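Heads up: the protein sequence lines correspond to chains A and B, in order.
Residue 1 is where the first sequence starts when you use our numbering, and the numbers rise one by one after that.
Residue 197 is where the second sequence starts when you use our numbering, and the numbers rise one by one after that.
No lab work stands behind these hints, which were simulated from the structure alone.
Note that the structure is a prediction, hence the values are computed from the model and not measured.
Just so you know, even glycine gets a beta-carbon here, dropped at the ideal spot from N, CA and C.
Treat the hints loosely; a few may be bogus.
[Stated by the list, open to error] With the C-beta cut set under 8 Å, the calculated list includes, among others, these residues of chain A facing chain B:
1. G19
2. S21
3. Q31
4. A32
5. V36
6. S42
7. A44
8. T45
9. L61
10. D84
[Said to hold, decoys possible] To be clear about the criterion: a stretch of chain B counts as covered by chain A if any three or more of its residues have a C-beta under 8 Å from a C-beta of chain A, and this derived list gives those stretches:
11. 237-249
12. 497-505
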Amino acid sequence: MSDMTRRQFLAITGSTLAGSSLALLGFSPGQALAEVRQFKLSRATETRNTCPYCSVSCGLLMYSLGDKAKNATQSIFHIEGDPDHPVNRGTLCPKGAGLIDFVHSPNRLKYPEYRAPGSDRWQRISWDEAMERVARLMKQDRDANFIAKNADGQTVNRWLTTGMLAASASSNEAGYITHKVIRSLGVLAFDNQARV
Amino acid sequence: MQRILEPGQIETFAQRDIPRLRLPDRARVFSARAERLRRQSEAGAIGHAIRDYLHLMAHLADAQQAALESIESRPLELPGDEDIAHAQAFHMPLVSVASWQRQAQWQQALASICSSLTALPNLPAQVLLVTDHVCALTAQQLEAQADNLLAVQPLQVDTATAPFIMAALQVYWVALASRTNIDAIHELDVPGVCPTCGTLPVASIVRADSRHQGLRYLHCALCATEWHMVRVKCSHCQTTQGISYQSIEDGPRSIRAECCDTCRTYRKILYQEDDVAVEPVADDLASLSLDLLLSEAGYRRASPNPLLWQQP
Chain A
1 MSDMTRRQFL AITGSTLAGS SLALLGFSPG QALAEVRQFK LSRATETRNT
51 CPYCSVSCGL LMYSLGDKAK NATQSIFHIE GDPDHPVNRG TLCPKGAGLI
101 DFVHSPNRLK YPEYRAPGSD RWQRISWDEA MERVARLMKQ DRDANFIAKN
151 ADGQTVNRWL TTGMLAASAS SNEAGYITHK VIRSLGVLAF DNQARV
Chain B
197 MQRILEPGQI ETFAQRDIPR LRLPDRARVF SARAERLRRQ SEAGAIGHAI
247 RDYLHLMAHL ADAQQAALES IESRPLELPG DEDIAHAQAF HMPLVSVASW
297 QRQAQWQQAL ASICSSLTAL PNLPAQVLLV TDHVCALTAQ QLEAQADNLL
347 AVQPLQVDTA TAPFIMAALQ VYWVALASRT NIDAIHELDV PGVCPTCGTL
397 PVASIVRADS RHQGLRYLHC ALCATEWHMV RVKCSHCQTT QGISYQSIED
447 GPRSIRAECC DTCRTYRKIL YQEDDVAVEP VADDLASLSL DLLLSEAGYR
497 RASPNPLLWQ QP
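Whole structure, please, built from the sequences with the hints as guidance.
This is the structure we're talking about:
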């Protein structure tokens, strides 16, 4: 059987229905064909992800409406535990169960903000400013507090005055990169627990 | 639906395995289908536009249930230890449509179905013509049609008689599947075909009962065995990329189509959470409008509905 034949056989259209069991048994597909002209398809997606909160890393299914391909804005309308995930088998803790509100929260941080020492307000800064400031302060602190050798003269190359908090939902690969970046600076203190 | 665990439940759930298979319930499989076909033909339901066809198929499903109950007039030959070991060793379906020697019981089921239908008052004349034609076919002709249907050879299928012949084959294979020990059915290395009989699934169903909550099962078009497949994965080409769920806008949320942009096919997926009465064969047939829309959008079905065949 040619692929073309199979294609026609498995696409359901007005013309294929004319030779279908339905028509040959004396029924008409006419009303269905007419009705379809008033219908529209709505497209949704289900996407797997990992809960960002803690190191248990429960699997999630996120339901969203909209179509990336058609340049429409996608919006997540529901989040639930992934029933196939071996860690949580479809369940979530109360905090994870509230993730949809976390996604749509008006208080969500969307850009870098800075609160100057002694100030009572946050001010918005650009990503460049933020990166530069973080880098400068890290370098200052590292230059001042880096320990190359301990009291016994052994090489230790550690930097104990700065720590880093990364994300618990990282993949293995992201975890590897985090580790390489932070350890190569000599930082010992880092954690991947976003709930702390 | 969200579930929040109480203290102590985490340990219980951690030990829960995903049930791999669900075998058909002999007592209800076809009667539940008939009930659902009738429900979906009501005014306002998705299948109202093809209600007369759905009514006929509901009568057919009732006739199937009766035929299933009476199929035991002659002993049913079930797979023996040797068949089970063989299927397991070669990762083959246990009672494969391609190799299992089907017994004459299926033809008795067909005769019983046809006589139940012809006994109905107000059966349309054209339907009567077709059922008479089916009854007039010789055993050899019936076996040849059955082979064409089971191997899905569209050019050789007689579309008018196909639903009736398929219905009888369903009765026979459901009788086999429902009497088989679940442990005798093993996983295949191809996830997209029925591990019991090797037929393609008609649709997916996401179950809502506590033991299977949120899990997706593929429903065999022939023997009604259901086997687990993870969600958000194309049941035809197995990709997990580019899967979308399309449904009729403002239509029932319980019936969607899992569309794959890689192979451009779809299979419908039913959500018990949105409607507890969903039934794969009935809902797939009733939602013909969704098929028409998807075909306009450039998708094709991954496999036919056993109760609706068409000429290529």
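(message) A closest beta-carbon separation below 8 Å is what the hint needs, so does A:V36 meet it against chain B?
(response) Check passed: Cβ of A:V36 comes within 5 Å of chain B, closer than 8 Å.
(message) Min Cβ distance, A:L61 to chain B: is it shorter than 8 Å?
(response) holds (7 Å)
(request) May I ask you to test the interface hint for A:A44 with respect to chain B, counting a Cβ-Cβ separation under 8 Å as satisfied? (result) Nearest chain B Cβ about 5 Å off; hint holds.
(request) Count the residues of the segment 237-249 of chain B whose CB lies closer than 8 Å to any CB of chain A, then report whether that count reaches three. (result) It holds: at least three residues are needed, and the segment 237-249 of chain B offers 4 whose Cβ sits within less than 8 Å of chain A.
(message) So, as I understand it, the hint says A:A32 touches chain B; can you test that by seeing if any CB pair is closer than 8 Å?
(response) At about 4 Å, which falls below the 8 Å cut-off, the nearest Cβ of chain B leaves the hint on A:A32 intact, so it holds.
(message) So, as I understand it, the hint says A:G19 touches chain B; can you test that by seeing if any CB pair is closer than 8 Å?
(response) holds (4 Å)
(request) Hold the hint about A:T45 up to the distance rule: shortest CB distance to chain B must be less than 8 Å. (result) holds (5 Å)
(request) Could you check if A:S42 really has its C-beta closer than 8 Å to a C-beta on chain B? (result) Since the shortest Cβ distance to chain B is 4 Å, the answer is holds.
(request) With a C-beta cutoff of 8 Å, work out whether three or more residues of the segment 497-505 of chain B approach chain A closely enough for the coverage to hold. (result) This one holds; 7 residues, not fewer than the three required, reach chain A with a Cβ under 8 Å.
(message) Restraint: A:D84 near chain B, CB-CB cut 8 Å. Satisfied or not?
(response) holds (4 Å)
(message) Take the shortest C-beta to C-beta distance between A:S21 and chain B; is it under 8 Å?
(response) holds (5 Å)
(request) Verify the interface restraint on A:Q31: the C-beta must sit less than 8 Å from at least one C-beta of chain B. (result) holds (4 Å)
Consistency note: the structure conflicts with none of the earlier hints.
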